[in-house]
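Peer 1: Sequence:
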Amino acid sequence: MERLELLRNVCQDASLKNLTHTTVSKFVLDRIFVCDKHKILFCQTPKVGNTQWKKVLIVLNGAFSSIEEIPENIVHDHEKNGLPRLSSFSDSEIQERLKLYFKFLIVRDPFERLISAFKDKFVRNPRFEPWYRHEIAPGIIRKYRKNRTETRGLQFEDFVRYLGDPNHRWLDIQFGDRIIHWVTYVELCAPCEITYSVIGHHETLEEDAPYILKEAGIDHLVSYPTIPPGITLYNKTKVERYFSGVSKRDIRRLYARFEGDFNLFGYPEPDFLLN
2 MERLELLRNV CQDASLKNLT HTTVSKFVLD RIFVCDKHKI LFCQTPKVGN TQWKKVLIVL
62 NGAFSSIEEI PENIVHDHEK NGLPRLSSFS DSEIQERLKL YFKFLIVRDP FERLISAFKD
122 KFVRNPRFEP WYRHEIAPGI IRKYRKNRTE TRGLQFEDFV RYLGDPNHRW LDIQFGDRII
182 HWVTYVELCA PCEITYSVIG HHETLEEDAP YILKEAGIDH LVSYPTIPPG ITLYNKTKVE
242 RYFSGVSKRD IRRLYARFEG DFNLFGYPEP DFLLN
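Residue numbers (this note's numbering): 2 to 276.
It is worth saying that the hints were derived from the structure and are not from the lab. We put the CB at the ideal spot given by N, CA and C, even for glycine. There's no promise every hint is true.
[As the list claims (entries may be wrong)] Heads up, simulated EDC-like pairs for lysine to aspartate or glutamate below, C-alpha to C-alpha not over 16 Å straight-line: (1) Lys-55 - Glu-80; (2) Lys-18 - Glu-207; (3) Lys-40 - Glu-194; (4) Lys-48 - Glu-188.
[Said to hold, decoys possible] Have a look at the derived ranges for each label pair, beta carbon to beta carbon: (5) Phe-129 - Pro-167: 44 to 54 Å; (6) Leu-101 - Glu-151: 51 to 61 Å; (7) Gly-231 - Glu-73: 14 to 24 Å; (8) Ser-224 - Glu-73: 25 to 35 Å; (9) Asn-236 - Gln-96: 38 to 48 Å.
Sequences are here, hints too, so could you generate the full structure?
Peer 2: Given below as structure tokens:
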């Protein structure tokens, strides 16, 4: 309840309005997955353990009878996973579900999430997603790398420069829906416009996951997959290491963009990076 109260208070703070409010656009409705059978809406925030929650919903929707049976390639295949997006309903059906259903999302420290997105999409880059390395990375490098003659792949500092640029929008439009891995929680889930029932935190997922299942009334039907110990904890050392090559100016610009997320969800301002 404290998390929801904090969220409500920050949503009402006029000085942060530009950073905390958005419209419930098709982009937002595309992020919300629907389980009509149990009246649940889940807003997907990539890089926060969402794959497991999608598996939970796939089982609840009846496409598979257990989480273990779901092939990895099906989870994100929206033709085959049996998980409709809220955007696929009519306006009146959308409003009804937003009003009556149990709604939740999961968040984590905003900067740690960006590191996770960078590692996953540009360092480890799975073979089946070549566009991150071949289209998005060169696009960012062309616009943001100071030393153009340097031909190394995308560096974290290039990525931060792009994200913190107030004029990042034109690149975002070029990149399309692939930006979901690094845009703000505000842009993804409209937490000040949609009244969420529960906000889970990645850092406390071991307690939060069972709580969410219980609150949604489905704890007797499905359980959240086992969480390897320590995997969800905030890693300050890792954050410092990644940001060590980034200028203070670029870090401050990045924080200015994500400040709404830090405030809405109670994450402390990363002083050790900003000052």
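Peer 1: Now tell me if each hint is right for this structure.
Peer 2: Going through the hints against the structure:
1. A distance of roughly 14 Å separates the Cα atoms of Lys-55 and Glu-80; the hinted pair therefore holds under the 16 Å criterion.
2. Straight-line distance between C-alpha atoms of Lys-18 and Glu-207 comes to about 32 Å, which puts the hinted pair past the 16 Å bound.
3. Only pairs whose Cα atoms come within 16 Å are accepted, and Lys-40 paired with Glu-194 is rejected, the gap being roughly 19 Å.
4. Between Lys-48 and Glu-188, the direct Cα distance comes to roughly 15 Å. Compliance with the 16 Å bound is thereby established for this hinted pair.
5. Between Phe-129 and Pro-167 the beta carbon distance is about 33 Å. The supplied range of 44 to 54 Å is therefore violated.
6. Roughly 54 Å separates the CB atoms of Leu-101 and Glu-151, a value that falls within the hinted 51 to 61 Å.
7. For Gly-231 paired with Glu-73, a C-beta distance near 23 Å keeps the hint of 14 to 24 Å intact.
8. Restraint check, Ser-224 to Glu-73: a C-beta distance of roughly 19 Å breaks the suggested window 25 to 35 Å.
9. Checked against the given bound of 38 to 48 Å, the beta carbons of Asn-236 and Gln-96, roughly 40 Å apart, stay inside it.
Comparing the model with each earlier hint shows violations of hints 2, 3, 5 and 8; every other hint is respected.
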